[in-house]
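Trainee: Could you build all of it, start to finish, from the sequences and the hints given here?
Just so you know, the protein sequences line up as chains A and B, in that order.
Note that the working numbering has the first sequence beginning at 1, numbered continuously upward.
Note that the working numbering has the second sequence beginning at 1, numbered continuously upward.
One or more hints might be untrue.
Stated by the list, open to error - Restraint ranges, calculated between C-beta atoms of paired labels, are given here:
| # | chain 1 | residue 1 | chain 2 | residue 2 | range |
| --- | --- | --- | --- | --- | --- |
| 1 | B | Asp90 | A | Pro61 | 55 to 63 Å |
| 2 | A | Ala463 | B | His38 | 38 to 46 Å |
| 3 | A | Glu402 | B | Thr138 | 50 to 58 Å |
| 4 | A | Ala463 | B | Ser499 | 29 to 37 Å |
| 5 | A | Glu402 | B | Pro39 | 34 to 42 Å |
| 6 | B | Pro314 | A | Asp344 | 50 to 58 Å |
| 7 | A | Pro61 | B | Ser219 | 56 to 64 Å |
| 8 | B | Arg305 | A | Asp344 | 51 to 59 Å |
Since the hints were made in silico from the structure, they are not lab data.
Just so we're clear, the structure is a prediction, and the values are computed from it rather than from any experiment.
All residues carry an ideal CB built from backbone N, CA and C; glycine is no exception.
Below, each chain spelled out in residue letters.
Protein chains: 2
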Amino acid sequence: MTGAEFDSRAGYRMQRRENFDDRMVSGSSASGEPKPRHPAPSPQALHRLDKLLGSGQVLIPGRDEMTRYETDVLGRRHPACWVARPRDVDDVRSVVRWAYAERAELVVQGANTGPVLAGVPRRGGHQGVVSMELCRSTIDVDVVNRTVTVSAGVDLETLNEVLGRDSLTFPIDLGANPSVGGMVGANTGGARLIRHGDVRRHVLGLEVVLPDEHATVLSLLSGLRKDNRGPDLKQLFIASSGTLGIVTAAVFGVDPVPLQVAVALVAATDGEDVLRLLTFLEARATERLSAFEMLSRPTLEAIARHRPDRMPLPLAQGRRLPELLVLVELNDSDIATGGHQGLDEELAAILDHGSAEGWVDDAWFGPPATLWALRNAAIDALRQEGPMVAFDLSAPRSRLFEVRERVMTLVGQIAPHARYADFGHVGDGGLHSIVIWPDDMEAGRRDKERDQLRTAVYELVTAAGGTFSAEHGVGPENESAFRRHTPPEVRGLHAGLKSLFDPQGILGATDLS
Amino acid sequence: MTGAEFDSRAGYRMQRRENFDDRMVSGSSASGEPKPRHPAPSPQALHRLDKLLGSGQVLIPGRDEMTRYETDVLGRRHPACWVARPRDVDDVRSVVRWAYAERAELVVQGANTGPVLAGVPRRGGHQGVVSMELCRSTIDVDVVNRTVTVSAGVDLETLNEVLGRDSLTFPIDLGANPSVGGMVGANTGGARLIRHGDVRRHVLGLEVVLPDEHATVLSLLSGLRKDNRGPDLKQLFIASSGTLGIVTAAVFGVDPVPLQVAVALVAATDGEDVLRLLTFLEARATERLSAFEMLSRPTLEAIARHRPDRMPLPLAQGRRLPELLVLVELNDSDIATGGHQGLDEELAAILDHGSAEGWVDDAWFGPPATLWALRNAAIDALRQEGPMVAFDLSAPRSRLFEVRERVMTLVGQIAPHARYADFGHVGDGGLHSIVIWPDDMEAGRRDKERDQLRTAVYELVTAAGGTFSAEHGVGPENESAFRRHTPPEVRGLHAGLKSLFDPQGILGATDLS
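Mentor: Structure representation (structure tokens):
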């Protein structure tokens, strides 16, 4: 979507600088900006808000502390006309009742780590921010039920620190450190999705404040794995970009911490061999397969140029880099009770088989941290190659390499002076396709090529049964793509849901109608 | 819920006889029956329907073939005023457009294996049946993507037969043989949920015909594991008991067939020990733990009395039966590539540890088929003990045995002459609590006790964070419990969703508003 690549482990926090693509997106976003649904609240209304919550919980323009609530992870600043920092559900309800009465638009913000502008105000300065950062009272672990009840403002690292005391983990593996509410709103995936699934798989319960007259609290905080009492309303708030309700707490099913891990890098010649490796691994290692990440040769070359320290020795010793390199990880419980020989042996046996069959060219084992360091160097290394655009694609795995070929062809046709590189969570059908222009290319031409390329790539991937937003969710950043590639009957239902849950249209930065 | 216990593997088809509870339910259902939303269609309207589809695809009253569409798996017959058997999506749309124009109410029926009356007409004879049994054109396996696109009328056994050719499986493990559409409508669970999850976890895509003027087709047939383009509409049709749209096809993520299995029976003294065994197994065997089923002593005694052939030798040799017996199963891929020693050894090591720690009293290994035969004899054996009512409960696992104790106390208070027995998918927090009255007890008193018990048990389990419908879904059978135990704000949203998707209220036997 943008230069903002939600890279596993590398994270955003090291990438807070203006870049080529951010500038482009800001430009295009400004031109297509719809009118506000409601004007900014009056000074009198803001005064009433200020009196509702305790001291210091409401900020209004002119105060420096507002900046961080207005600025997204990529440094893009969208002014807010107010910021409220509720401490609990009652505070959230007070703010919502006020907003409903005043018809004041609001955007819920968690840890503000998302790349699609869904957590900062829309341009125009008419929206306020409800920051959930103070809603952190509860992290209640139920070891026997393997669940945790957690406030929306708690961040992933804190949650996992507490769970770790009971050898449990919320297995969403990211470089960023989002809040619970933000992960629900984006249905976060991450690098271990192939084993552990997305956030949706773990949500057993939600508590949500609705943006209606009464600020109704939907208490759907079940910790049940089997519960079939009609359609499951909580599903609607997952991946809804904070447009239907304000998540204030969640019950997550959590997993035992894996205590063994084996990682290898595998060189392959082409997509067909990569997919053979994948299907064989899944059949033999089943759920132990915990990551399957691919890097292509142009990406490896960029890492070799800009981050040679991240190149593991076997790849650094002057030999030609492989066309495709796959990082494979298996994980499992420990072996204290016997039962298993080591995972390294299991992985070695699988790769030996692949080697004998001809679909593994070469393979290297190494310390997990070293091999992941290579994978996680990808986005930063590519950024240093020149002005770029990064796509967040996914497709059925059986069509992924066909999509990849066709994207490469398009790049050759539309942007003949640009280079193509890619990497991604191939095990989940994910691919981050990166297009890099020469530094000295005239900006106007670059912009034109980029716009053409976007339109063509989105068309192509959608036609192949794929998606233009695999992991990042929908926000103002990509809502025009949402409109173009979502059939009208589906958009009509989204609009109907929006009216049902948010009758005055006061909630969220994203317009999904 | 009813005498209808959706027992893993035992299935319904062997249980098609009137029983105590069925008679009771029919009685209570008739008395609380709401008025039809719309009257039955006129003869002229039925004539128009008949002309819409090809010959033999529409049945009207008077034809013997109608009976099976009107009769549920427990033999309860609710007359239909028409039956349509569409062959494909176009036929489904024709029927829906007709129904919308005529305001004719309709119930979608799959393989008709559900126990809550959601797939047969409501009482009153004003509803028609749309049987999906002829919609079976597609079973399209994508081995590399590990997905299958399948028509709604295909049954589970056929689906797994086709998947098995590629060593894949749709891992919903039931005694019954439901259709794809029925499994989506009920969000079926089954005996392997602890490892493989429910139907929802596997639904990657749906195609749905909406009951609106145009019989709109929602084509959400994605096969993507990562796709975050806004709220996920298809979730609404899962577990909706066929009230929001007609599912015509699904894309399921599927799993490799497990090729190793180890099963043991474990004797435990009390709930605390059972839960220690469960948490230890989950930590050590992780996803290899594929079943954790409990039977209590009264259940074992009933099996010993009525199905002594199902008692494995160690339990049959005259010793006192354990208070609680757990069937534990591990499964895994094969070991052709090395990597693992046998699962039997792994399970034995875990049970040895439990024995040393004092929370495993005794354990026996045996052929999986033999040990499962014991588990699957439970419901039939208990039925032979006398008139009964069976509850389909689940609770957070940490509170399950507390709930169990309190249900037993209630039975002692409310029905002092009745006996209590139970069994269930304890690994998922599920428990089937069975109450059996003496054969010679006066029916009126029995009925009164049963009604009191139902009210009290539903209150109790709901207050403890549990559910009155763990696996069976909601239908006319239990919609009064739904109304009583669903907060008004949640029911209000259900009603809003119903209006959005089904503006004339023509679809489904179940009233969730």
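Trainee: Take the hints in turn and mark each one as holding or not.
Mentor: Against the structure, the hints:
no. : hint                               : in the structure
1   : B:Asp90 with A:Pro61: 55 to 63 Å   : 58 Å, holds
2   : A:Ala463 with B:His38: 38 to 46 Å  : 41 Å, holds
3   : A:Glu402 with B:Thr138: 50 to 58 Å : 22 Å, violated
4   : A:Ala463 with B:Ser499: 29 to 37 Å : 34 Å, holds
5   : A:Glu402 with B:Pro39: 34 to 42 Å  : 54 Å, violated
6   : B:Pro314 with A:Asp344: 50 to 58 Å : 39 Å, violated
7   : A:Pro61 with B:Ser219: 56 to 64 Å  : 46 Å, violated
8   : B:Arg305 with A:Asp344: 51 to 59 Å : 53 Å, holds
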